[in-house]
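Fit chains B, C, D and E to the given chain A structure using the hints.
Chains as they are written, first to last, in our numbering: chain A, 1 to 511; chain B, 1001 to 1645; chain C, 2001 to 2493; chain D, 3001 to 3186; chain E, 4001 to 4103.
Rather than coming from a laboratory, the hints here were simulated on the basis of the structure.
Keep in mind it's a predicted model, so treat the numbers as computed, not measured.
Among these hints, one or two may not hold up.
To be verified - List time: in silico BS3-like cross-link candidates among lysine-lysine, alpha-carbon distance up to 25 Å:
| # | chain 1 | residue 1 | chain 2 | residue 2 |
| --- | --- | --- | --- | --- |
| 1 | A | K116 | A | K64 |
| 2 | A | K165 | C | K2434 |
| 3 | C | K2035 | D | K3179 |
| 4 | E | K4102 | C | K2061 |
| 5 | C | K2100 | C | K2151 |
To be verified - Partial pick of chain C residues on the chain A-facing surface, computed with a CB cut under 10 Å:
| # | residue |
| --- | --- |
| 6 | S2353 |
| 7 | I2355 |
| 8 | Y2363 |
| 9 | P2366 |
| 10 | Y2367 |
| 11 | I2382 |
| 12 | V2384 |
| 13 | Y2393 |
| 14 | I2398 |
| 15 | Q2400 |
| 16 | G2402 |
| 17 | K2425 |
| 18 | V2467 |
| 19 | S2468 |
| 20 | I2471 |
Note that CB positions come from ideal geometry on N, CA and C, so glycine has one too.
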Amino acid sequence: MEFLSLNILIFAPLIVAGIILSPLFPNDEIIVRRFAKGFAGLLFIYSILFMIFFKPHEVGYQFKENIKLFSDANWIEPLGISLSFGVDGISIILVVLTTFLVMLALIASKKAITTKHKLYYSLILVLTTAILGMVTSRDLFLFFLFWELELIPMYFLISIWGTGKKEYSAMKFFLYTFFGSLFMLAGILALNYFHVINTGVSTFSIETLTYSRHYDIPFMFEALIFFGFFIAFAVKLPIVPLHTWLPNAHVDAPTPVSMLLAGILLKMGGYGLIRFNTQMLPEMIKIFAPILIVLGVINIIYAAFVALVQKDLKLLVAYSSISHMGFVLLGLGALNVAGISGAMFQMIAHGLISAGLFLVVGVIYLRTKTRTFSQLGGLGQVMPKAFYFTMLLALASLGLPLLIGFAAEVMIFYGAFTSDSLEGFVLSNQVMTGLAAISIIITAAYLLWMLQKVFMGNMFEKWQKTSDLTPHEAIALTFLSIPIVLFGLYPEGITSLFLPFVDNLVSHFTL
Amino acid sequence: MEFFINNVWVIPALPLWGFLLILFGRAFNFYQNKYISLALTVGSTFIGFIFSIFILLYCINNPETNTRYNILWLDAGNLKFSVGWLVDNLAAMMLVVVTSISLLIQIYSHGYMEQDKGYHRFFAYLVLFNFSMLALVLSTNLFQTYIFWELVGVSSYLLIGFWFDRPSAAQAAKKAFIINRIGDFGLLVGTLALLFYSLNWWTSTQNVLLEFATLGQAGSLALANAGPVLFGLLAIGLLLGPIAKSAQIPLHTWLADAMEGPTPISALIHAATMVAAGVYLIARLYPVFELSTQVMTIMAWVGAITAFIPATIAITQTDIKKCLAYSTCSQLGYMVLAMGIGAYSAGLFHLMTHAYFKAMLFLCSGAVIHSLADQQDMRYMGGLRKKMPTVAYTYLIGTLAISGLLLSGFWSKEAILSSLYTQGKGLLLVIALITAFMTTYYMFRSYFMTFEGEYRGKAHFHKPSKVMTVPLIVLAIPSAIIGFLFSGSLKSIGIESFDRFVFNVHAIHGDHGGLFLPICSLIIALLGFLLAGVIYWDKLTSLYCSCFKNIQKQITPLYKLSINKWYFDDFNNLLIKYLILPISEFLSIFDKYVIDGLVNLCGLSTLYKGKALSLLQNGNVQTYLVTALLSFVAIIMVMILIYIV
Amino acid sequence: MDFLLDIKTAMLPEVIITFTILVCSVLCFMLKQEKQKFIYFISLLGVIISLISINLLAANKIFTGFYNSFSSDFFSILMRFLILSGTLFVIVMTKDYSFKFKHRQGEFYLLILIATLGGLLLSGANDLIMIFIALETLSLLSYALSGFLKKDKASNEAALKYLIFGGASSAVMLYGFSFLYGITGHTNLTEIIAYLTNNSSNMMFSFALLLTIAGFLFKVAGFPFHSWAPDVYEGAPVPVAAFLSTVSKVAGFAILIKFIGLAFNNTEAIGITLGLVALLTITVGNFMALNQVNIKRLMAYSSISQAGFVLIGFALLSYMGTSGAVYYLISYLVANLGAWLAITIFDTQTNKSLISDLNGIAYRNPYFATCFAVCLLSLAGIPVTVGFVAKFYLFHTIVQMGPAYLWLLIIALLNTILSLFYYLKVVKAMFVCKGADNGSKLNFNIGVLSTSFVFLTVLVVVLGVFVSPFINIARYSAVVIDNANTSAPVSVK
Amino acid sequence: MEVLQLLFFGMFALVIVVSALGAVFCKNIVHSIVSLVITFLSISGIFVLLNADFLAISQIIIYAVGITILLVFSIMFTTTKDDNNLWIAFKPRTLLAFVVAGSLFILLMFNITDKFTDFNKNPKLFITKAPKESTVKTLKEQGTTPIIGKQLLTTYVLPFEVLSILLLGVVIGAAVIAKKEEIPPC
Amino acid sequence: MELGLAHYLTLAAILFCTGILGLIISRNIVKILISIEILLNAVNINFAAFANFADLDEAKGQIFAIFIMAIAAAEIALGLAILIACYRNRHSVDIEDYTSLKG
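So here's chain A without its partners, still in its complex pose:
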């Protein structure tokens, strides 16, 4: 049990990235890729060990770590910042999801990446450290640090290996998220300020600020803090008015990068909403829950309608992920166990499905060099394996039962319908969930239209000799479909991990 230390899990990718970048590492592409893939596999297995030894029913953080730099005091003693990590209900599953998707992204980046391999693989590993750090940090400053750190590798990954107007979208992504994170910084500092005023001790640790906060912050400022955190996560989990960076970033990012972007980075918004907006400021979430629900429904319907008429395959998948993340918001707004665990489950489900969809889009783009629907058609006859995998992913994405998407959607629907967070508003919960339910029709429409347009129907003669899936892509896709089917059949596997956490969380509201 003791060999399981979060420090190794988080900082190992950083060290390996350093090793890869160092001059004495051979510059040959195959060695670099094999080494990176091997390491990612090991990391995944290591994170699985964490999941196995994780005791869901224990409240609070587990595998706690507090790194002291050469002195017994915390990292930055004067400000009360500690280099502390820990894993609890919702972050353990995101850690495993991250390592899993990174492994798959590396497997799938055999053909997608043709130049500057050492730089590419080290940037991906730095990105992993940033995300793992962000999910497991027990300190607000540390969370903010990793939140910003994750922007740099993403910027380079999109702008160096991307296609189309990659600099524009990389810059837009960077500045947009940075703009959001500034509001979070103001929130963090304000939280610390009120802590200093009431208790005289300056601290940034999440535990003290959530559990042992006996003083109450004046309503106006608490609303501002809530708003600050909410804006940062609204940009990240794209909520409609602030989502325009996602289509650009996705269209121009190389396949493995957009797999990671859709797979994990969008979840950071959701994770943040649960960890900071719901857990840390319970009274405020009760007041703002209606807004969450309304935004969630707008997100779902708006993105679904826009996805109907997209001309570019990747744009369609991007808008579909916006629509699915709207479900997370709806679940969160419900403020009951079903809703929040549904939101959590939807994040994992969407992570796996959208990573798969982007991988397939990458596969198609690699062979046909185009993503516009007008030029694609009838690839099913030439690429049967790809067709079957896409069909599985599309069906999972539109919420086919016995696949992972369904359990999440069902929980969110039942949770949102039976919750009373919209008491006294003209549009009650029931009507809003009804509106959201329309999306299952539209999602089915645009996904099946995509399947029909790309794979079915008669084939363009120029796609005559396109080759089917390479072993690399096949492995990656099978790795993805196993959890999709497995956790679709047996959702308890995932929900048992974070249900105690959600029960404890919801108990704060109901009392």
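Same frame as chain A, but now just chains B, C, D and E:
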């Protein structure tokens, strides 16, 4: 006997097991031989058939069976969703119907799909459909039904779009799935509402959520909580599911297009089993529907209209499968009509009989198409009775059955008509009789066009193989005698009438209204036969006289109406083209230019501000000094102002 | 009054520097041209010795020398340490750059040393006249330094502009001094503070204070008096630009804090005006830098906006604010020196200073590009570097001052995005844009310049991780100034 | 005695203002230098009035003589044929210059006279302290030189020394910049 | 009304403003340097006045004025050296020609 009841789960588990075996077998290319896939499919269905026979027998001799077994599948706080299986008379009956028909169809489709390169894929989908249908039949609660309801929809999507290289098949598959999805939407919102309004019932009594057994009490509580209007809406929402699945009027257009799939599929899914699932769900949800009379009348009227309109369309159909599809649609209308007026058992009885003879009719048409090298248009057939007598005679039996001339269709349709009569629903009775007349007319029209007269087509004819004709014969037996068997007249020999068997739950008991009705329906059927014969049967065309011709001319507008399938399809396309697509077009433009525009705007504005400011930096040190001193003086002014204020 | 005691306790580095100045000036005249390189070693040695001598000074007590005209407390020791390390790196820069001065290299080092002496004295000066003299040494010498490349038109023009602008602003400062002298009758800061504590300050005093602060704003390139900086940084030789942006700026801040200290106890009018000036500095610096093409001009505007951030710390008029500003100053110095070293390396070998010339350099010299990128990202405030912690700590101090300063925080936060944009533009040019493939490979082999550049980048990252010792230093020095300003003069000799 | 002093002050002040304006607004550079010299001389007169005699002398030596010679030399070096029309730049900044100068003057007066209220000769904002009679005695006999001398070498000894280093630096700098480049012999 | 501090301060203020005026208006660089000198002289008058009225004992103002004179001399020397160097390169004394560094 107990053994079969206790592990009922074997019936759906075997097809699932078969599906996984075929899937992984083919994925890793363990075997190429076609027969292994065939053996797996047929074997699993056969064992299922044996099990269901025993279960049926068990249910017959102790009718009150209601064994249930539930496993907790998804726990989310106070909502505990569970999955399991329930055996009662209704389930037993459906099990037998589904397993028997799919068994025969699987054997038949071996012959039909022999040369097709997607053989294994076909049987994998078939077995998957079997699994989901059987699991749907056995489901204990509404949540589990919803799961397998969608699974059935997906397998029908996969099977319709089996030959996906044909654009029309792909389009039909997508259309079928989306329309089913609309139904699922209704079902989902209905279930959510039902659960919401009866939540304290479920949580207080600690039993499985939305279980069919206790749905009655939950429904009444929901009615009390929600009030009649909302409860009505809720019930209509629930009804929307079956309307989409059993191709009732507003959402029926997909059934005709579903004929793009291979014929055994049309037989299995779009005639016998899947479309019947809608009626089965109505049966399951009967305690809820019963509570509001308005919903029952709506259901009745929907059923009536669905019976009438497709019948008019089927009259002018030239494609044999399309004709049969529309006839299925109208027969389903009958069943829903029966359900609507409370004739619960009559509807189910008609469901059972219809399943058998419609499956047989489709298989015959499949044999015809297969032998004429995929020629589906009746105008290029004719005179096939001489070439393939077995298929012709079975087709004749089927036509007689469906048109209610003494074979099984007569009994079930008569049961519906009698309950209509006893309920005193005059108008509905009239509509039903007119539809019966039209049914006989188009069925015999299709019989005469394909099997009588001389061969009009050019395609080279080859004899259908044995493996295709044997299932036809086997199916002919039940479609002929099953109506009579269960009509209750053999009470003496111990075979209870169908309604007694299925009926134990509901007491609406229609007594037989004497002989007047059967005679009159027989007369109507004969009239239809004569009319079809006069027009299409070469022996009777001599009677064709001028009076028919001017009638032909007057009804040309009606003719045009029926040819264009009452413009439903065009209405749907218009709806999508001028309502949904423009909205999303507008939204996507709005998204790209307005929201994105705003973001770019504020980006560009900062750049321009930068340029404007750098104009000030024009290199002359004296301008620097002036700007510096001016702003310095301004700052002093500000300071002084603050100082004074 | 034995001066030896004063020298040993308070003024050791200044004395060592003056000694090296004298030795160098003699050598300049004696040695012939090609042996001028020897002066480089002498001046380097002098600076290193004075750096070492600094920690001999007693850091915990306040020592005043020469009739209280010079006081060395912990804050001035810290500032002097920064100034001397800045000069060390500037001298290292000039070693490679000096081939451009043909046969006058010796004088360049001499002028740099005298200017540093001015800076050192400025950071400890405690008397109005002493401040004026030290400031003028620093400014006059930098005018001469920036005009050093006689043949180059740009350098001449830069020197001319710098002189005119500097002359005007020092006149304004002097005018402020005269009024200060007029109101209080003393020229010694401690006496002025004493005078202020017992009789209330009037508007005239704040007016005089603002006039003097105008002079320091020139030195620090604050808002109203910033427009000289871009032209001079572009025109002057690169080491001089580095000298101006680091050493003279730190010295300016050192003395500016003493004067703001005067305003600690009286009206908050000065606080708000200073806050306004600070914000305007940041915004003007950022807006102008957005579409710059020349890397040196970009660095000039970036140093203006960074100066704005430090000014915010001072505008908070409290010891917390000053500690934030001091820590920000340390991080700014390290990152800026790194960036200027990179520009020197690039300029000496390719003699070009446009951003577009940097295109695709990351694939010819990966290490040079990564180090330069790290320095720039530290200036922008990106996580692992010291810049991030400095910005975080500064915003922390702003928030600690309570909700009254919310407007200050919001505008500063928004400006970080603007600053991010133009720093990223340079990094983008290096890593993303395709360079002209015939671009020559910079020889980035092991030399004094490249090792010091790599050392600075490593320092930037290390300081970003080992943070608490430096925050404590900043806090202690802020406390020292705070009670130096408010309490009575400690010891009048 | 007071009247005489006032008379002298008025005369000097008038000359200073006129010649300063002349130095700034003369078209020909030589005229402006001459008016500059007149200003310097009259300023030294003012110093005498303020019984700062050492200051007056040094003013004459440094400004009137030293700097003027420097200016004249530099004019000789840099005379170009069309330099005489370099009068005033007719650009928007001249207008702004008048605005700045005017507002600055008003601001100064506003502050000195403490919001235009206190017009008497010794505004109470500034300290006025009569000198001790010992200093008055030394003033009468030896003037301000001993006071300045004593101060220079006691309280202000550090600035004095640093000034020397500064002047050294400026001389070297100016020489390096101004020297004409001759190709080195070797 | 006889001679007081205010008169000197007003005189210094007038001189200061003319210096600033000259600084910004003149196109000839020598004139700009001249106006810097005028500025410094204005400050000298200020210092001398305060010294005379406030503390004649130590006459700190006068010492300050002396230092200012020294620095002013140094500055004008440096200014003219730079002017000559500029003239040698661009053969012009007009400030309008020295605007190549801009943007």
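For each hint, the structure was consulted:
no.: 1; hint: K116(A) <-> K64(A); result: violated, 38 Å
no.: 2; hint: K165(A) <-> K2434(C); result: holds, 14 Å
no.: 3; hint: K2035(C) <-> K3179(D); result: holds, 21 Å
no.: 4; hint: K4102(E) <-> K2061(C); result: violated, 48 Å
no.: 5; hint: K2100(C) <-> K2151(C); result: holds, 10 Å
no.: 6; hint: S2353; result: violated, 22 Å
no.: 7; hint: I2355; result: violated, 14 Å
no.: 8; hint: Y2363; result: holds, 7 Å
no.: 9; hint: P2366; result: holds, 8 Å
no.: 10; hint: Y2367; result: holds, 9 Å
no.: 11; hint: I2382; result: holds, 6 Å
no.: 12; hint: V2384; result: holds, 6 Å
no.: 13; hint: Y2393; result: holds, 7 Å
no.: 14; hint: I2398; result: holds, 8 Å
no.: 15; hint: Q2400; result: holds, 6 Å
no.: 16; hint: G2402; result: holds, 8 Å
no.: 17; hint: K2425; result: holds, 9 Å
no.: 18; hint: V2467; result: holds, 5 Å
no.: 19; hint: S2468; result: holds, 5 Å
no.: 20; hint: I2471; result: holds, 5 Å
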